[in-house]
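Number of protein chains: 2
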Amino acid sequence: MTAPAAATTPSPLTDLSRLSINTATTRQQWGLEQAVAGYAAGGVPGIAVWRDQVADCGLDRAARLIRDAGFTVTGLCRGGMFPAPTEAGRRAAIDDNRRAIEEAVALGARCLVIVSGGLADGSRDLAGARAMVRDGLAAILPEARAAGLPIAIEPLHPMYAADRCCINTLGQALDLCDALGPGVGVAIDVYHVWWDPALEAQIARAGGADGSGAGRILAFHICDWLVPTTDLLLDRGMMGDGVIDIPRIRGWVEAAGYDGLCEVEIFSAANWWQRDPEEVVSVCAERFLEVV
Amino acid sequence: MTAPAAATTPSPLTDLSRLSINTATTRQQWGLEQAVAGYAAGGVPGIAVWRDQVADCGLDRAARLIRDAGFTVTGLCRGGMFPAPTEAGRRAAIDDNRRAIEEAVALGARCLVIVSGGLADGSRDLAGARAMVRDGLAAILPEARAAGLPIAIEPLHPMYAADRCCINTLGQALDLCDALGPGVGVAIDVYHVWWDPALEAQIARAGGADGSGAGRILAFHICDWLVPTTDLLLDRGMMGDGVIDIPRIRGWVEAAGYDGLCEVEIFSAANWWQRDPEEVVSVCAERFLEVV
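These protein sequence lines are chains L and F, in that order. First residue of the first sequence: 5, per the working numbering; consecutive thereafter. First residue of the second sequence: 5, per the working numbering; consecutive thereafter.
Rather than coming from a laboratory, the hints here were simulated on the basis of the structure. Just so it is clear, CB atoms sit at the ideal spot from N, CA and C, and this is done for glycine as well. Mixed in with the good hints, there may be bad ones.
Stated by the list, open to error - Which residues of chain L face chain F? A partial, calculated answer using Cβ under 10 Å: (1) ASP179; (2) TRP199; (3) LEU230; (4) VAL231; (5) PRO232.
Take these sequences, add in the hints, and give me the full structure.
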């Protein structure tokens, strides 16, 4: 047996070549065009974008701006939101996800990030919502496969199970991957999974340790869990300001074979969204080198 | 294969004989003596109490009041809070838990509810915190066994992993029970576990379906998850006002062999703590018969 400690010591981050920033991190200050310019000016080589900002900018123009700046697009946020009380509602969600696939391809995104949706409106049927998610993903997978676009299921923290995402652990997301077959993997965000006692084992499984073959880790997202956390949605912390052992989790992810970018995604209504966005970018870069 | 649906249909609740109220539900309005009188007046046969309220009342007097009212004491809240940065701190926590065991015995409580504690102050070592919890429980178990007092590990929602409780799923709590041996079981609170994709299987395991022998479900707590939830700690809902399918979970718990009381525990700073406590008790009773 090889020493497990070695496998979980991550490689040092000595430059910004693996840094990506999700535009949610500066969404109150900058639109997409400003974010592209601001991240590039900060020496950040990766970006993840949101559909509403892309729509505001125009898809073709957004794709050109991002391409001209030379970014790696670590993800398009977001597809998903499948559960709905009526068949028409579920069909509309599937159609919207098909458009998201087209946009992700146009943007050259590495993956379409899926936030599954929570309970259907007015329902308490969590198992039913999870079945709707599985069916919705199965419906869009042929288009995604044809386009060569990986679908990244992002398990969200259990506190979002009701209203945002009923896929709440990495193990559950991987079970879904197993059921759906090729073309689908996971986005691992430390904020959502850091608490999970099964995390190390499930990250290894995502990397193919279960014999399933190719690695299924399509994205790695970072931020921090603040103590206290004052809002369920908009109080995420900058790396280093909270309690998550980010290097440990990054070590597990890299031991599982992931060598892509680390994407900073911080929703912070009272703090980082109130600051000069150039400062936000420079702090992201500093902390990336210091504490990630 | 027998039809699984039958096993998960709970028996109807046609009277209040299985209702308990945790005094946290009225803690802003009533001290222990008032709660004892108020719950008894409302026809509620069970009560769960907190150590601070017991201390305010005096242990002997509290025990007499509760005994004279004829209550079943579904739990004493709470032991636990084991992780600490120093050995002296961890020893102090263990000593405090030993006092909690004595108090639980004096009160005739069915169990001492354990909220494990989160990360040690200043630490990001979640695995280390979990080891401190295991060690703390192992240290107090001889006294609990000698006193015949069951120790009930309560897994808390993952959103409390950092600052309150690093035992965050029922499966993890049962793994801990397996490691610790006799005298320890679980308290299952729908608020903390409703989101868990493994819940049905783990409840069955808690009931002894894994061949471990006697059932380990020592308490069953109810309230509801509100959408939106505006505070991580103090915005729990009254049964029926949220999205938890309580009868389904009660069905699983009963199929696993639990036939004890259902304990209402609602922390609600902005709503139920602002109301006439007699109204709170009567709504608990109504909802118990209607939606639990």
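For each hint, the structure was consulted:
Taken as an interface hint, ASP179/L checks out: its beta carbon lies about 8 Å from the nearest beta carbon of chain F, inside 10 Å. Annotation: TRP199/L was flagged as interfacial toward chain F, and the flag holds, the nearest CB pair being 4 Å apart, inside 10 Å. Below 10 Å, beta-carbon pairs count as interface contacts, and LEU230/L has one with chain F at about 9 Å; its hint therefore holds. Taking 10 Å as the C-beta cut-off, the interface hint given for VAL231/L holds, the closest approach to chain F being about 5 Å.
Among the interface hints, the one on PRO232/L holds; its C-beta lies about 7 Å from the nearest C-beta in chain F, closer than the 10 Å criterion.
Every hint from the earlier list agrees with this structure, and none is contradicted.
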